[in-house]
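**Q** Spelled out, the chains give:
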Amino acid sequence: MAPGIFCAPVDKFSAPVRLAIIALALFLIASLFVFGYFDRTLAGLLPDATGLLRQSLRTSHLKGILLMMLAGFAIVFWLIYRFYSRIETYQRLVRKMVASADLSSRLPVLGDDEFATLTHDLNAVLERTQKLAQGVRQAGDSIAHDLRTPLTRMRTDVEVALQGDDPLAWRETLERILAEVGGMQSTFNSLLALGQAEAGGMRLKAKEVDMSRLLDEIVELYTPSAEEHELTLQSDISPELKLMGDKQLLAQTFSNLLDNAMKYVPAGGAVQLRAELQDSGIEIIVEDNGPGIPEEMREKIFERFARIDPSRTLPGTGLGLALVKAFVELHRGTISVEKSNMGGAAFRITLPIQ
Amino acid sequence: MKFLIIEDDVAAADFLKQGLSSAGYELDVAHDGERGLTMARDNAYDLWLVDVMLPKMDGLTLLKTLREEGKLTPALILSARGEVDDRVDGLRAGGDDYIVKPYAFSELVARIEALLRRAKTAAAGPETMLEVADLSMDLIKRTVMRAGQEISLKPREFRLLEYLMRNAGQVVTRTMLLENVWDLYFDPQTNVVDVHISRLRFKVDKYFSPPMLHTVRGSGYILRTGG
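Respectively, the protein sequence lines represent chains G and R.
Residue numbers for the first sequence, in our numbering: 1 to 354.
Residue numbers for the second sequence, in our numbering: 1 to 227.
Since the hints were derived computationally from the structure, they do not count as laboratory data.
Some hints could be false.
As the list claims (entries may be wrong) - Straight-line Cα separation of at most 27 angstroms, DSSO-like style, residue types lysine-lysine; simulated pairs:
(1) R:Lys64 <-> G:Lys205
(2) R:Lys101 <-> R:Lys64
(3) R:Lys154 <-> G:Lys242
(4) R:Lys17 <-> R:Lys64
(5) G:Lys247 <-> R:Lys101
(6) R:Lys56 <-> R:Lys2
(7) R:Lys120 <-> R:Lys17
(8) G:Lys207 <-> G:Lys247
(9) G:Lys205 <-> G:Lys131
(10) R:Lys154 <-> G:Lys247
(11) G:Lys205 <-> G:Lys247
(12) R:Lys101 <-> G:Lys205
(13) R:Lys17 <-> R:Lys71
(14) R:Lys64 <-> G:Lys207
(15) G:Lys339 <-> G:Lys263
(16) R:Lys141 <-> R:Lys203
(17) R:Lys154 <-> R:Lys141
(18) R:Lys206 <-> R:Lys141
Unchecked claim - Derived list of chain G stretches under chain R, where covered just means 3 residues or more per stretch with a C-beta under 8 angstroms from a C-beta of chain R:
(19) 173-185
(20) 253-261
Since this is a predicted model, take the numbers as computed values, not measurements.
Cβ coordinates follow ideal geometry from the N, Cα and C atoms, glycine included.
Same shape as in the complex, but just chain G (with noise of 0.2 angstroms):
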């Protein structure tokens, strides 16, 4: 916690009585300067005024001046003191926020002034902040559990291969631990990037991107495997489609959805890619007419490790989805799933140009 910001003993009236005060002084100041003048302007006019018509004058005058110093001071102080009891309150609610680790709540916006604007800018801190450790936490929470499994697989292997003493054994129980490595590095490192992706943490340098071209080669990347899949891929891109964006994040967007698709879509089943300009954006579709994405599952499967094969049955680490999410957010873009026409699922992407 920073002392400067959140633990500095303020206390409650000193600043409004202090500003009140140099108020005061100032009115006075100024008053006993317009006193004089009139004093020396009646002395003046009215040379000949006598001692009593002169002091009468003067008095009354003294009182007015009084009496609209109690009300300068009177209207000063109150403006003062609503203002610092404002930050008090706020001071209060940001202070009951870090003892209670609590960044759910918001501050109240009072009024339409400044003050609200400002209180505005500090919920939107709030807002972020309270997005980014959640991030965090979710990535926390992702790494304990799908780690945790390789790790036990691992650990049982070597203490059975431990108990024997059978070289070709020991070798069979490395080339296994090597492979459970490789799948927990892959995990791991795009558990880093979606970290990096959903934190705003990645810098996207956008440079113009060539999508119907990029798009293109993805297919072409994917067709291969689509027939040994025994699956129809096909494509119609619009030509010219070009967007600002990282073409390596794009690319593995795309392959993902496709490597979806190639889990997923049985043999005999057709996957096709769609581009073309619309209102909104670039928006290019992903469908299939595989088994399709049960309703209830469809927020679902862009969360972490999220499967819809309860068994676990494929391969894969469980964010490709994630990650596509996070890439088509980081390009201000939309991603949604629906039913295709084709029967399966259709995913829809929208990515602004610009």
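Mind docking chain R on chain G? Use the hints.
**A** Just chain R now, with coordinates in the frame of chain G:
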């Protein structure tokens, strides 16, 4: 062949030294950037292996300095980071290739061999013909012949075979193929590269003998003369 390893993690440097010595290379090690710079200036090496995060002088500054002094030794950057931008920065600073930690040792060796080979052929000037045994590739006419018969390849298959032929006799990994043939810097979750290779193998090996394009289990592929 003598390499210079510039790596501050003593354990990682030892592991590299041990692994590469048994692969038949001689090695010197520097544990910080300044020492690495001095050693690279004072000795002739065939390759520098440069870590990015180094005490006293970072790897990229070191490389930039050496390149400005006109040193042309091939350099392989070893980096813990792996964003594409870092790769671009690394290559711009004067690195010839870039590998992200943690890497598979076989991947490192394959990249080292590709770099050494590239350095050797670059000195000979640009080639117009590639030949490996009875397989030949005309880079200008874009044709491929084996045993006097033309093999028709799609453009991507041509690039794939070209890369394999340029690295003939050496293992190339899937990652190297994705980077050099497809310009993709991530690993797809499915075996896309393997399928492209098997198509190419069908065209290059099916009607000829002996087979030339082999799979190296756990590492990648190799194109070589004879079994």
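**Q** All hints are to be evaluated individually against the structure, with a verdict given for each.
**A** Tested hints:
1. R:Lys64 <-> G:Lys205: It holds: about 22 angstroms lies between the C-alpha atoms, which stays within 27 angstroms.
2. R:Lys101 <-> R:Lys64: Satisfied, since the Cα-Cα distance of roughly 21 angstroms is no more than 27 angstroms.
3. R:Lys154 <-> G:Lys242: 26 angstroms, holds
4. R:Lys17 <-> R:Lys64: 24 angstroms, holds
5. G:Lys247 <-> R:Lys101: 23 angstroms, holds
6. R:Lys56 <-> R:Lys2: Roughly 24 angstroms between the alpha carbons, so the hint for lysine 56 (chain R) and lysine 2 (chain R) holds.
7. R:Lys120 <-> R:Lys17: 23 angstroms, holds
8. G:Lys207 <-> G:Lys247: 8 angstroms, holds
9. G:Lys205 <-> G:Lys131: 23 angstroms, holds
10. R:Lys154 <-> G:Lys247: 24 angstroms, holds
11. G:Lys205 <-> G:Lys247: Between lysine 205 (chain G) and lysine 247 (chain G) the Cα gap is close to 10 angstroms, so the pair holds against 27 angstroms.
12. R:Lys101 <-> G:Lys205: 23 angstroms, holds
13. R:Lys17 <-> R:Lys71: It holds: about 23 angstroms lies between the C-alpha atoms, which stays within 27 angstroms.
14. R:Lys64 <-> G:Lys207: 25 angstroms, holds
15. G:Lys339 <-> G:Lys263: 18 angstroms, holds
16. R:Lys141 <-> R:Lys203: 19 angstroms, holds
17. R:Lys154 <-> R:Lys141: Holds - the C-alpha atoms of lysine 141 (chain R) and lysine 154 (chain R) are around 14 angstroms apart, at most 27 angstroms.
18. R:Lys206 <-> R:Lys141: 24 angstroms, holds
19. 173-185: Our answer is that it holds, as 4 residues pass the Cβ test (under 8 angstroms) against chain R, meeting three.
20. 253-261: With 3 residues close enough to chain R, the hint holds.
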